[in-house]
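Participant: These are the residues of each chain, in order.
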Amino acid sequence: MAAPEEGQFLKQANSQSTRGLLRVIILCLIAGAAISSRLFSVIRFESIIHEFDPWFNFRATKYLVQNGFYSFWDWFDDRTWHPLGRVTGGTLYPGLMVTSGAIYHFLRFLSLPVDIRNICVLLAPGFSGLTAFATYLLTNEMASSPSAGLLAAAFMGITPGYISRSVAGSYDNEAIAIFLLVFTFYLWIKAVKLGSIFWGALTALFYGYMVSAWGGYVFITNLLPLHAFVLICMGRYSPRLYVSYTSWFALGTLASMQIPFVGFLPIRSSEHMSALGVFGLIQLVGGVDFIRAQLPSKQFQTLLRTLILVIFVVAFGGLVLLTVSGVIAPWSGRFYSLWDTGYAKIHIPIIASVSEHQPTAWPAFFFDLSMMIWLFPAGVYMCFRTLSDEQVFVVIYAVLASYFAGVMVRLMLTLTPIVCVASAIAFSQILDTYLNLKSPKVDVKENASSEPAKVVAAAVLPDGLRSTRNPLVGIYSYASKLTVVGSASIYLMLFVLHCTWVTSNAYSSPSVVLASRLPDGSQHIIDDYREAYYWLRQNTADNAKIMSWWDYGYQIGGMADRPTLVDNNTWNNTHIATVGKAMSSREEVSYPIMRQHEVDYVLVVFGGLLGYSGDDINKFLWMVRIAEGIWPDEVKERSFFTPRGEYRIDDEATPTMRNSLMYKMSYYNYNSLFPAGQAQDRVRNSRLPAEGPQLSTIEEAFTSENWIIRIYKVKDLDNFGRDHQSAVSFDKGHKKKRATKRKGPRVLRVE
Amino acid sequence: MRWSFSLLFTALLGAVSAKSFTGGRLLVVLENAAEQEKYSVFLGDLTGRGFHVTVESPKSSSLSLFKHGERAYDHVVLLPAKSKGLGPALTANNILDFMKKEGNVLLALSSEQATPTALQSLLLELDIHIPSDKSALVVDHFNYDSTSAEEKHDVLLLPFPKALKSDVKNYFSGEGVIAVPRAVGQTLGNQSPLIAPILRAPSTAYSYSPKDEADIVEDPFAVGGQLNLVSAVQALNSARLTVVGSSEILQTAWFSEKATLNGKAVTTANRAFAEKLTSWTFKEAGVLKVGKLVHYLDEGASKASNTSSAIPENNPGIYRVKNDVAFTVEISEYSNSHLIPFVPPKGDSVQLEFSMLSPFHRINLTPLSQTANATVFGTTFKTPDQHGIFNFHIKYNRPFLTNIEEKKQVTVRHFAHDEWPRSWQISGAWVWIGGIWVTVAGWLAFVALWLYSSPAEKTAKKTQ
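Protein chains in written order, with full-length UniProt numbering: chain A, 1 to 751; chain B, 1 to 464.
What the hints contain is simulated information worked out from the structure, not anything from laboratory work.
Label-pair restraints from in silico Cβ distances: (1) N403/B <-> K735/A: 26 to 34 Å; (2) K82/B <-> Q538/A: 52 to 60 Å; (3) D633/A <-> N403/B: 34 to 42 Å; (4) Q725/A <-> G69/B: 24 to 32 Å; (5) G225/B <-> S639/A: 42 to 50 Å; (6) D167/B <-> S672/A: 47 to 55 Å; (7) W631/A <-> K322/B: 31 to 39 Å; (8) D633/A <-> V431/B: 46 to 54 Å; (9) F264/A <-> K165/B: 52 to 60 Å; (10) N539/A <-> S427/B: 53 to 61 Å; (11) S358/B <-> F264/A: 26 to 34 Å; (12) N397/B <-> Q538/A: 33 to 41 Å; (13) P592/A <-> K322/B: 27 to 35 Å; (14) G48/B <-> S726/A: 35 to 43 Å.
Keep in mind that this is a model prediction, so the values were computed, not measured. Every residue gets a Cβ at the ideal spot worked out from N, C-alpha and C, and that includes glycine.
Given only the sequences and the hints, what does the whole structure look like? Please build it.
Facilitator: Following this line, the structure appears as structure tokens:
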């Protein structure tokens with residue numbers, strides 16, 4: 001700012017363009033760092049799609065690339081949710097697939113034939129570079145210091161909270177959604193600042209893109225109205241706000257309604273009502289503002305009072321009426337679980353069963369945000385100091401996102417951008433203060449206790465706070481500057497180390513392939529999932545239906561290319577409960593269910609041999625709970641616990657547990673691996689009963705190398721009309737005993 | 001292609017071997033060669049019908065129902081043996097395995113020789129029960145042959161069986177009387193739909209053991225119609241097993257013997273009955289075959305180009321909800337070395353189910369036309385207003401007819417985005433469309449008015 005007096009116009013321009021160039025180079029380097037730190041998994045393993053949901057997105061993208069946009073739009077997927085099928089084209093957020101499809105076709109247009117898989121794998125790192133840039137833009141709108149933007153971009157580029165969902169291969173909606181989220185906010189701030197329809201329309205455009213990409217768009221839908229509402233309440237209504245809000249709302253709502261999955265939700269569901277309400281409110285405020293300009297103030301007061309009362313009564317009554325009559329959908333269960341963390345566990349086990357819907361553990365904040373967790377409040381405080389419109393936005397965003405991040409693990413993702421912005425503001429403040437060698441040493445010292453200093457201080461600082469009443473003084477010695485700057489850079493260095501360590505150790509595992517260390521320290525890859533899925537792919541009929549717990553549905557669809565009964569798109573609770581019932585019931589109960597659903601193979605994940613704790617027996621209680629929700633008389637969670645309330649699988653396991661299909665499938669033949677009576681489950685650390693379970697309606701078809709995946713074939717009906725139990729016992733050589741004495745009355749054959 | 005090939009194949013088979021639908025290799029298990037003489041006419045008849053008959057003793061070491069994992073014979077006749085065991089080749093498991101590979105079995109019992117344990121447990125598995133007393137036999141004091149069983153009343157003379165139900169085809173009808181000497185009666189379990197009686201005892205018959213119950217029968221094994229003299233099992237894969245209560249039915253001695261029934265002299269027609277029994281058991285009769293199965297879209301452009309000879313797209317994998325769909329299937333019945341059109345018995349019809357979890361349609365198929373070898377059954381219907389993965393499902397399981405179960409999976413998709421009627425075609429939408437255009441026109445008019453009057457406005461403002 002303080003340019004040298006003798007600085008020529010030319011010189012200044014020169015230094016500005018140098019700064020601009022430097023900034024571009026720094027941003028490019030940040031993008032490079034962001035991308036390359038996400039490539040651990042590709043380097044360690046291979047270019048592979050990770051986890052669960054990305055497999056569906058990948059499959060959908062392949063479908064889009066092969067069949068074109070319109071058939072993707074109208075896609076009826078007959079290979080999931082057998083036999084219901086899924087109207088996939090209308091029940092997904094197509095933004096991600098369309099984006100990678102567009103990139104694919106663009107590259108082909110440039111004669112660069114790239115495999116669609118590689119585009120999908122590298123999309124998330126690529127967009128993380130863009131996110132860093134968007135964060136730079138957003139922060140620049142917030143802070144006067146240009147270094148804040150660069151710092152925020154760097155933070156955003158490498159913070160584990162964002163990397164957790166955007167490593168290479170993590171091809172999920174969040175991969176592009178976070179970029180869109182940040183960029184939409186940037187455009188919104190720009191629009192509010194300038195009060196221009198153009199920027200408002202741009203906000204709506206990117207909001208529309210965001211809606212097409214991620215269900216988390218509701219966060220924007222509520223945050224922008226809240227921002228506008230708070231500004232109005234603070235008496236900061238201005239035509240700029242009116243123009244930007246109305247143009248965003250009208251265009252953005254229209255844009256969001258173009259996505260089939262969203263459809264009429266923006267005008268019917270409660271989650272969107274705040275946007276609509278603020279839209280109405282801003283019209284009223286605008287109208288009242290106009291009237292005030294025309295009327296004397298006394299008449300205006302009475303008019304205002306009656307208006308407020310009438311409008312409140314009418315609006316509230318209308319809302320209640322519409323909700324009761326069902327025009328406006330009541331709050332969804334996922335929404336309730338945002339306010340009451342115990343709600344889902346009681347009422348909607350299917351939501352609670354997802355690990356990323358659990359409340360966040362405290363260490364996770366430090367793990368994901370590291371030093372930013374304590375810089376963040378400082379940054380928010382900085383925003384309070386100069387409370388302009390955009391700073392209000394930061395404060396609101398910070399408060400809301402902190403709350404939501406505490407409620408649900410996955411919402412840490414929405415918190416991360418604002419944490420980066422706020423802590424960059426705080427950090428740049430420190431650096432700007434202490435990196436300035438030419439401190440106004442003399443001035444401040446001189447005026448330390450004199451009257452004019454107070455005036456100056458009052459001009460700079462708000463005098464509402466006690467600490468600012470006395471003019472503050474700084475530490476201007478080089479030693480203290482060096483200490484602060486030095487410790488700050490050490491913190492930055494530690495932050496980079498922490499981020500790299502977390503990324504490399506916690507977030508770069510594809511979870512399809514498991515890595516472990518051998519005693520000699522070399523890496524050992526456990527590849528049971530792919531082994532089993534490729535077995536299915538190569539050894540079963542093309543439309544053999546696979547029943548498994550829904551966690552594996554997307555992977556079976558993507559890797560094994562076989563129809564599944566349920567998958568990670570948990571749209572039909574009853575269907576999932578049916579599978580849960582089949583898994584948790586006796587064979588005689590399960591078999592008719594499996595027959596009815598034309599199940600050919602059943603797949604279970606079993607970690608007992610390897611000590612892999614994410615297996616089906618550990619998830620089993622969720623199956624039981626979800627099934628119990630639909631059939632409370634037939635499946636009871638209580639009967640899976642011992643009288644002392646323990647969940648056991650050993651000798652003391654309850655008969656219900658030991659007769660359940662899941663238990664039988666997990667431990668079938670497991671005894672044969674061990675000396676008699678010494679079978680050991682390494683996950684639950686318990687010894688299994690001496691006699692293993694017997695199966696009659698299904699037979700073992702495949703067990704992977706480390707027994708993680710076990711596949712069973714469902715037997716056909718018995719050729720001679722017997723039930724399977726007796727057929728199996730006959731095959732084993734137990735001949736039926738002829739009833740020597742007849743019990744009860746003679747059974748006559750009627751025909 | 002496959003169809004014509006299988007036709008050719010069956011035709012070839014018919015030319016070189018038996019008339020049976022599944023092949024002519026017949027194994028007769030007989031304990032000693034001397035017994036063979038008693039069945040000479042029966043075996044001669046079978047040879048005459050083209051069966052390649054092999055006679056083996058159960059004790060023979062070379063006897064095996066399987067060769068290289070496939071069945072070595074197409075049919076087996078098990079005649080009574082004196083020894084209690086039937087040897088390692090003919091355990092109950094082996095015979096069930098043989099039937100799992102679609103082999104047919106004719107099992108003859110005798111009250112003079114104890115039924116081997118293997119066969120006892122086999123029958124028990126199939127839910128057919130025979131008296132525990134090994135010498136138990138069926139007597140009837142009204143329908144006996146007074147020539148040969150004046151005293152004992154244990155040779156029953158019965159007419160040929162009638163159809164089981166009015167809507168079931170009868171493959172065992174004939175003229176004359178059947179002599180059933182010293183039969184082991186069977187009762188059938190009530191659960192299994194796979195077993196059916198062929199020849200029932202008359203209402204006056206009962207089973208007793210001449211050794212233990214010579215004086216008084218307190219609790220007979222079974223009486224009257226519950227007692228079966230010949231019964232049949234048809235497994236789900238259509239393998240057939242017939243239990244003949246008396247092996248003497250098949251013996252030459254009773255094939256056309258003079259007998260007296262209630263004072264009237266009659267001649268037994270056992271030879272004809274034995275032929276009926278073997279031709280059914282060995283799949284010369286009562287065999288159904290599904291030929292061409294076609295379903296196609298029957299509306300719009302595709303309906304216009306559908307003719308009887310050319311249907312544009314057969315068996316598509318996907319339909320839309322509320323599509324008109326036509327379904328045809330050819331069903332033939334095997335009769336006397338060739339396929340003829342199958343005509344269901346009166347009161348019965350082949351049904352088509354269009355089902356997802358449960359049937360959305362269950363329609364009687366009507367015979368549309370007949371070709372030389374098959375009846376073409378068909379129907380048309382509208383797919384339900386429910387998308388999902390459906391099955392065209394024909395399940396026709398009737399007693400004495402081989403089971404038909406055909407499933408063809410199709411997908412029924414939802415309306416695509418461009419298949420809905422356009423907004424102006426819906427009269428209810430006119431109000432809203434009108435509203436849109438009124439708003440557009442009104443806004444344009446307002447803008448025009450505003451622009452027209454703007455200079456005056458400007459000056460007015462300035463003066464204020």
